[in-house]
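Going line by line, the protein sequences match chains U and P. The numbering of the first sequence is the numbering used here, which starts it at 48 and goes up by one. The numbering of the second sequence is the numbering used here, which starts it at 4 and goes up by one.
It cannot be assumed that every hint is accurate.
So the derived label-pair ranges between C-beta atoms look like this [what the hints assert, rightly or not]: (1) P:18 x U:62: 42 to 50 Å; (2) U:62 x P:60: 39 to 47 Å; (3) U:124 x P:47: 25 to 33 Å; (4) P:79 x U:67: 42 to 50 Å; (5) U:103 x P:71: 41 to 49 Å; (6) P:56 x U:153: 33 to 41 Å; (7) U:114 x P:61: 20 to 28 Å; (8) U:61 x P:18: 48 to 56 Å.
If you are wondering where the hints come from, they were derived from the structure by calculation, not from laboratory data. Quick caveat: nothing in here was measured; it's all calculated off a predicted structure. All residues carry an ideal CB built from backbone N, CA and C; glycine is no exception.
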Amino acid sequence: SQTIHQWPATLVQPVGSPLSLECTVEGTSNPNLYWYRQAAGRGLQLLFYSVGIGQISSEVPQNLSASRPQDRQFILSSKKLLLSDSGFYLCAWNFGTEAFFGQGTRLTVV
Amino acid sequence: GQNIDQPTEMTATEGAIVQINCTYQTSGFNGLFWYQQHAGEAPTFLSYNVLDGLEEKGRFSSFLSRSKGYSYLLLKELQMKDSASYLCAVRSGTDSWGKLQFGAGTQVVVTP
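Please build the complete structure, drawing on both the sequences and the hints.
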């Protein structure tokens, strides 16, 4: 069966520090991968999606970047975090008719 | 772009039925998803519709009308554990991979 791993679960980072969140998928090949952000009390905002290694599409201009160095690995990064980057970050994958989420990373920028 | 609209909050009593509506505007529609999200947790998949009609899965049913850009999620025999946010998501794109865009979610509060 397919599983999706995302870490860390929680993170507190100072303003101006770098960020790296990692997501890996098991049990499938060539998945479509997504990074979403959910601000407190808000809906899910699509940040990036990737259909293959090295292929990244950005949905909104922002302080973040994404990379896909391997087929089942998707990384969300920032060189310098802003207070507004705080939120619940979710990695997801879909293939065919279903889509699944990782457990999420709650990022607090202080 | 896409517009996905759903009510912000709904309240119902235990054992009752609640219908959550979702309207959308999109180009290249390729499926509609419903997810359940409890506070502080990741969303979990509930249902998927790509053709018009009703899909039933236990206490949950989802309906789609592509011509109207409309879907609803029906929750029957409500239980306290059904208190959660319900997210409508639309997939667009002519390829099977498609990208998912989410509505803001409907907070369902189940009261005793």
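Taking the hints in turn, this is what the structure says about them:
1. P:18 x U:62: 42 to 50 Å: 49 Å, holds
2. U:62 x P:60: 39 to 47 Å: Holds, since residue 62 of chain U and residue 60 of chain P (Cβ atoms, about 45 Å apart) stay within the stated range.
3. U:124 x P:47: 25 to 33 Å: 27 Å, holds
4. P:79 x U:67: 42 to 50 Å: 44 Å, holds
5. U:103 x P:71: 41 to 49 Å: 35 Å, violated
6. P:56 x U:153: 33 to 41 Å: 38 Å, holds
7. U:114 x P:61: 20 to 28 Å: For residue 114 of chain U and residue 61 of chain P the Cβ distance comes to about 40 Å; the hint is violated.
8. U:61 x P:18: 48 to 56 Å: 49 Å, holds
Hint check: violations occur at hints 5, 7; the rest are consistent with the structure.
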